[in-house]
Every structure is written in C-alpha cells, then in structure tokens.
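Protein chains: 2
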Amino acid sequence: MPAPANIVWLDEVNWNSEGLVPAIAQDINSGKVLTLAWMDREALYLTLQKRQAVYWSRSKQRLWHKGEKSGHTQLVKEIYLDCDKDAVMLKVIQTGGIACHTGRQSCFFHRLENNCWIEAEPVIKNPKDIYGNDSSWSK
Amino acid sequence: MPAPANIVWLDEVNWNSEGLVPAIAQDINSGKVLTLAWMDREALYLTLQKRQAVYWSRSKQRLWHKGEKSGHTQLVKEIYLDCDKDAVMLKVIQTGGIACHTGRQSCFFHRLENNCWIEAEPVIKNPKDIYGNDSSWSK
Numbered sequence: 013m014p015a016p017a018n019i020v021w022l023d024e025v026n027w028n029s030e031g032l033v034p035a036i037a038q039d040i041n042s043g044k045v046l047t048l049a050w051m052d053r054e055a056l057y058l059t060l061q062k063r064q065a066v067y068w069s070r071s072k073q074r075l076w077h078k079g080e081k082s083g084h085t086q087l088v089k090e091i092y093l094d095c096d097k098d099a100v101m102l103k104v105i106q107t108g109g110i111a112c113h114t115g116r117q118s119c120f121f122h123r124l125e126n127n128c129w130i131e132a133e134p135v136i137k138n139p140k141d142i143y144g145n146d147s148s149w150s151k
Numbered sequence: 013m014p015a016p017a018n019i020v021w022l023d024e025v026n027w028n029s030e031g032l033v034p035a036i037a038q039d040i041n042s043g044k045v046l047t048l049a050w051m052d053r054e055a056l057y058l059t060l061q062k063r064q065a066v067y068w069s070r071s072k073q074r075l076w077h078k079g080e081k082s083g084h085t086q087l088v089k090e091i092y093l094d095c096d097k098d099a100v101m102l103k104v105i106q107t108g109g110i111a112c113h114t115g116r117q118s119c120f121f122h123r124l125e126n127n128c129w130i131e132a133e134p135v136i137k138n139p140k141d142i143y144g145n146d147s148s149w150s151k
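Protein chains in written order, with our numbering: chain A, 13 to 151; chain B, 13 to 151.
Incorrect hints may have been included.
For identical chains, the list gives no copy identity; a pair is met inside one copy or between any two copies.
What the hints assert, rightly or not - 30 Å max Cα-Cα, derived DSS-like pairs, lysine-lysine: (1) Lys140 / Lys97; (2) Lys97 / Lys137; (3) Lys97 / Lys62; (4) Lys62 / Lys44; (5) Lys137 / Lys89; (6) Lys137 / Lys44; (7) Lys89 / Lys62; (8) Lys97 / Lys72; (9) Lys89 / Lys44; (10) Lys140 / Lys81.
Derived from the structure by calculation, the hints contain no laboratory data.
In this text, all values refer to a predicted model and were calculated from it rather than measured experimentally.
Excised from the complex, chain A in its bound form (with noise of 0.2 Å):
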C-alpha cells in the first residue's frame, strides 16, 4: 500500500534524485550506531505506522521491514529530521540485539587501524543459526 499523498511531513522531507533518504538507526539506550539504510516515502510512512523500521533496500529494489527474515526488527521509539531536510535518524530498541547480517551488534564494525580496516566487534550469532539456508540475507 502506498503512503497516501498530501501528507505534509512526509512532503517535507527532501527525497533524492531516487525518491531516497539515508536513514540512521541509534540504540536509544546504549546510544551505539547501528545501521545505515535508505527509505523512500512509503518505507518512513510505514515505519511511522508499525513503529517498526521499514527501509527501501536498493539491492533488492523492493520494500524491506527489517528483521523479517533475522526476527531482529528495530522498535522505533522516536523519528529526528535533519537541518537539511535530507536525512533520518530512528532511536529504535534492537530486538534480539543484533543489527548486522553478519550477526554483529551493530553494522559499523570495520575501525580502521594503521591503514587497515580490522574487524572491531565479534560475532554475537552465526548468520547460518540467524537466516539458515537462505543466503538471500547477505545482500
């Protein structure tokens, strides 16, 4: 279902060429930084109404609620706007406390150290025991 038209803060946000903003998820209780995804207008009007993340995922050019695979949905607990207009922060409870499909607390786990990208976070859970035999979750 498509977000119904004339809703004015939806309108007021500055899509992209593509219709997209990037979109942050924060844990609202530990304050770490956990995913960077994109939504279009539909994708912010529905997490709105589920309260629960919902992105528009280029790789798979389709609607994405996140978690629908992994379980591990974001509970969204408040919606920030920037100055400009271009771009969404979400506090959001991690449900199962993992964001990452690698099975990592949160996305941003490559710190660049001595001219090197080292991976900084463990792996909480294997992909295999989160998405199974599905490999479609690695994109």
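Using the hints provided, position chain B relative to the given structure of chain A.
Same frame as chain A, but now just chain B:
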C-alpha cells in the same frame, strides 16, 4: 592535493556512482549523533591525515573542512566502515559543542511528534554570532 592512488584501505570503500559515501559523525563522549555528510576519496584521506572531519560538500561542490568558517571542527578519534563498506562513521570530539549550522548541538533536531516535525533542540549560539554576515554557511 588528491589522495594518492593505490591506497588499499581507500580502495576497499564502496564509493557510489558519484564517488561518494555517507559519513555519520557521533560524539565520542555523549554518543549523540551529530551530522550526516558526504565524503569522496580525498575527503576521507584528508580526514585521516588531519584527524579532523573533511567532507565533500554537494551544495558547494568542493571539499569542505568542517569548521573552516565556524571553528566548529570535528576532531576525529575513530573511523568506522559498515558491513557493506558503503557508509562511514566517525567518533569525534565536537569543538564548541555545536555541530549544526543553525547553532544547535546536533543537526538532527527535528523530531516527529503527532505528524509534525518539531524543533526539539535549543539553539546554543545564534548563527550570526558564528558566521557574521557571511550567509554561505546556510548551504
């Protein structure tokens, strides 16, 4: 000075079709999400060299050393890359405690309340007292 070619850690970033990635800045002490801006290869290289955030300004179409006019530089303590290697996150100390050109602590000051974006953070310093009569800061 362009970033030297063949720097492996820069080559590992998945730059978009415009050669850019979104870059989040988070206050390393408070955990507050301050800004979302964009970096090209040179901006990320210079960010590491200077230990201060350098972005690619899409409105100015040039490199933008954050704080170059305001003095509100972002001192970069850690640099992260996400699982897909197409988004950067910086942990920073925000000089002056003001990241936003509106004089607020964070750019993410519009909060959605009852289907309206409300201004949820105070202006700490009047932009005119930061930038004087130079209005180019507004973009």
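Same-copy or cross-copy closeness of Lys97 to Lys62 [CA-CA at most 30 Å] = Both, since 22 Å and 29 Å are each at most 30 Å.
Classify it for me, Lys97 with Lys137: is the Cα-Cα distance of at most 30 Å met within a copy, between copies, both or neither?
-> between (36 Å within a copy, 21 Å between copies)
State whether the alpha carbon distance between Lys137 and Lys44 is at most 30 Å within one copy, between copies, both, or neither.
-> Answer is both; intra-copy 18 Å and inter-copy 27 Å each pass.
How would you classify Lys97 and Lys72 at a CA-CA limit of 30 Å: within, between, both, or neither?
-> both (25 Å within a copy, 17 Å between copies)
Should Lys140 paired with Lys81 be assigned to within, between, both, or neither, using CA atoms and 30 Å as the limit?
-> Answer is within; shortest intra-copy Cα gap is 12 Å, inter-copy 50 Å.
Measure nothing new, just compare the shortest in-copy and cross-copy C-alpha distances for Lys89 and Lys44 to 30 Å and report within, between, both or neither.
-> Both ways: Lys89 and Lys44 sit 15 Å apart in one copy and 16 Å across, limit 30 Å.
State whether the alpha carbon distance between Lys89 and Lys62 is at most 30 Å within one copy, between copies, both, or neither.
-> Classified as within; 11 Å inside a copy, 37 Å across copies.
Should Lys137 paired with Lys89 be assigned to within, between, both, or neither, using CA atoms and 30 Å as the limit?
-> both (25 Å within a copy, 29 Å between copies)
Between copies, within a copy, both or neither: which fits Lys140 and Lys97 at Cα up to 30 Å?
-> Between. Shortest inter-copy distance 21 Å satisfies the 30 Å Cα cut-off; intra-copy 38 Å does not.
For Lys62 vs Lys44, is the C-alpha pair at or below 30 Å within one copy, between two copies, both, or neither?
-> both (22 Å within a copy, 25 Å between copies)
Every hint, counting from the list given before, is met by this structure.
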